[in-house]
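Protein chains in written order, with this note's numbering: chain A, 28 to 300; chain B, 2 to 270.
The set of hints was computed from the structure by calculation and includes no laboratory data.
Hints are supplied without guarantee of correctness; some may be wrong.
[Unchecked claim] Quick list of in silico lysine-lysine cross-link-like pairs, DSS-like style, CA-CA up to 25 Å: (1) B:Lys-179 - A:Lys-223; (2) B:Lys-101 - B:Lys-26; (3) A:Lys-117 - A:Lys-223; (4) B:Lys-179 - B:Lys-207; (5) A:Lys-223 - B:Lys-45; (6) B:Lys-26 - A:Lys-223; (7) B:Lys-45 - A:Lys-117; (8) B:Lys-118 - A:Lys-223.
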Amino acid sequence: MRITRVLGATALMLGLAVAPATADSSPSASASSSSSDAGSAPTTAGTSFRTAVEIEQGQDATASASTGDYLYWSFAADAGRRPTVKATVKLPSTHAAQSWQIDVYDGLRRRQACQYGAQTRTAEQGVSSVELACVLRTVRAWSEPWGNDPLPGTYYVRLTALSLATADLGQPVHASVRVDSKDIGGAAAVDGSLAKPLVPGIAVSSKSGAEDGDSSKAAVLSSIEPDGGWDSGWWSDRWVWTGVGAVLAALAGIGGYTLTRGSGRPSRVPPGA
Amino acid sequence: MLITDGEDTCAPLDPCEVAREIAAKGIGMTIDTLGLVPNTKLNKQLSCIAEATGGTYTSVEHTDELTDKVNQLVDRAADPVVTPVATEGAAQCIGAPTLKSGLYTDREEFGQQRWYKVDVNPGQELRTSVSVAADRAVNPSYGVLLRAVTLNGREIVRGEAAGSGRTDAISTGLRYPKPESDEDDATAETVCLQVTNSFSAASGVKTTPGMPVELTVDVVDSPSKASDVASFGLGRGWWLLGLLVLVGFLAGLIWGWLSRWRVAVWRTN
Numbered sequence: 028m029r030i031t032r033v034l035g036a037t038a039l040m041l042g043l044a045v046a047p048a049t050a051d052s053s054p055s056a057s058a059s060s061s062s063s064d065a066g067s068a069p070t071t072a073g074t075s076f077r078t079a080v081e082i083e084q085g086q087d088a089t090a091s092a093s094t095g096d097y098l099y100w101s102f103a104a105d106a107g108r109r110p111t112v113k114a115t116v117k118l119p120s121t122h123a124a125q126s127w128q129i130d131v132y133d134g135l136r137r138r139q140a141c142q143y144g145a146q147t148r149t150a151e152q153g154v155s156s157v158e159l160a161c162v163l164r165t166v167r168a169w170s171e172p173w174g175n176d177p178l179p180g181t182y183y184v185r186l187t188a189l190s191l192a193t194a195d196l197g198q199p200v201h202a203s204v205r206v207d208s209k210d211i212g213g214a215a216a217v218d219g220s221l222a223k224p225l226v227p228g229i230a231v232s233s234k235s236g237a238e239d240g241d242s243s244k245a246a247v248l249s250s251i252e253p254d255g256g257w258d259s260g261w262w263s264d265r266w267v268w269t270g271v272g273a274v275l276a277a278l279a280g281i282g283g284y285t286l287t288r289g290s291g292r293p294s295r296v297p298p299g300a
Numbered sequence: 002m003l004i005t006d007g008e009d010t011c012a013p014l015d016p017c018e019v020a021r022e023i024a025a026k027g028i029g030m031t032i033d034t035l036g037l038v039p040n041t042k043l044n045k046q047l048s049c050i051a052e053a054t055g056g057t058y059t060s061v062e063h064t065d066e067l068t069d070k071v072n073q074l075v076d077r078a079a080d081p082v083v084t085p086v087a088t089e090g091a092a093q094c095i096g097a098p099t100l101k102s103g104l105y106t107d108r109e110e111f112g113q114q115r116w117y118k119v120d121v122n123p124g125q126e127l128r129t130s131v132s133v134a135a136d137r138a139v140n141p142s143y144g145v146l147l148r149a150v151t152l153n154g155r156e157i158v159r160g161e162a163a164g165s166g167r168t169d170a171i172s173t174g175l176r177y178p179k180p181e182s183d184e185d186d187a188t189a190e191t192v193c194l195q196v197t198n199s200f201s202a203a204s205g206v207k208t209t210p211g212m213p214v215e216l217t218v219d220v221v222d223s224p225s226k227a228s229d230v231a232s233f234g235l236g237r238g239w240w241l242l243g244l245l246v247l248v249g250f251l252a253g254l255i256w257g258w259l260s261r262w263r264v265a266v267w268r269t270n
């Protein structure tokens, strides 16, 4: 059997021997490593929803991967904002035609539609890079449970080759992803709000945090939060519009009233009366 | 991690199926494969092994690539991830396992149904999502359906997803906020969750063990119900301003005429 030579066998043994040990000891080890590189953009990607790498908006996250991998990132999006996901894939020098796609999923792993943007693109033979984009719908503060509207919480980005030739499997590619969002403002301000953002595992993580009360970082499905925390959601420019409207209505009322009074005296009364 | 420089010679066993069997035994193993002498057959075989266990396949042509990749894979293996709890859904809601908030894993064969139960108190919201992973060669059109059903069989809400093309998983989710109850003795409602998939495969593909199912359950506080479409029922835009100005103007005009008329009546008297 040629499949496992010495190299492969030792690596496999090492992997098997190390896997349980790292599973036990990893929280402390990685907590320090993740806190040390906090602030710099991630250079890896996850391989599933569970292992998605968390990125912040405005960061250029990169990852070196292989054609055929499924790359997962996650980011936080808050109400009233319209996120745009952009991805660039640098392809190897020789390859057959292959198409790439980004999919965005919300905190409930429901696929979210792109309003516009090239979500899927085919790279013809020899093309060196593919650029993909997805402009999501505006995130609403609340929606009915039967709706599929984007809600505040965690969002997942999945980048993958949708169709490719078998010969291209496993070829090295370099992917970069960036999420920006546009503030839509009061036009998207809806009534109601979620008691908790749609962050997976939030019921477990908030419970354990309250019980333990310590800062040790255990593995959670998603620990993501936007800059400045989640929006409390009562302010919108609708207050300004409505307030200005009330003032203008009052002024118009006074204007209408004075119009009927003329210059202060009824016009038919003679000046000397 | 599996590093190899050639294809298997261990016929009749298919290493790909062996890997799937091992993964299904609940060992929680992911196999990342590295091929040193890439050719089409090795590509196919190693990516099949990786696919069967949710791992990655890389073909390596230079030594530095190998070092980088191995380092990357070791780093990734050291990251803490939530370990799912193995559960086994029932064929119907009666007798289904009761789940609390957490991450669960199960197996589901083509066309099979899996039922679970979750208790939701009044004033709480059930959030659940499900992913069915395609760990073998499946036909390019597939779907998943997640339904929340009452004990009496009434559907409350559903999540559904369908897709086509190459995929690692298909997922959907739902949320069900249970309204607050005024009664003191209000009890928790048992919500049945039904997971079905519409994956299919060519005739030669083994249907057992089932495909991995990942289920997240979160029971959190219920959101405040919206009483209006707009935030606090407030208005916005030029139409609103125009309307308010018009109404204000008319009100002033009428009030002015009324007071003039009253003055005139008073004068004549």
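Hint check results:
1. B:Lys-179 - A:Lys-223: Measuring from Cα to Cα gives roughly 15 Å; hence the hint holds.
2. B:Lys-101 - B:Lys-26: holds, 23 Å
3. A:Lys-117 - A:Lys-223: violated, 38 Å
4. B:Lys-179 - B:Lys-207: Distance of about 41 Å is beyond 25 Å: violated.
5. A:Lys-223 - B:Lys-45: violated, 44 Å
6. B:Lys-26 - A:Lys-223: violated, 36 Å
7. B:Lys-45 - A:Lys-117: holds, 23 Å
8. B:Lys-118 - A:Lys-223: Holds: Lys-118 of chain B and Lys-223 of chain A sit about 22 Å apart, inside 25 Å.
Hint violations for this structure: numbers 3, 4, 5 and 6, all remaining hints satisfied.
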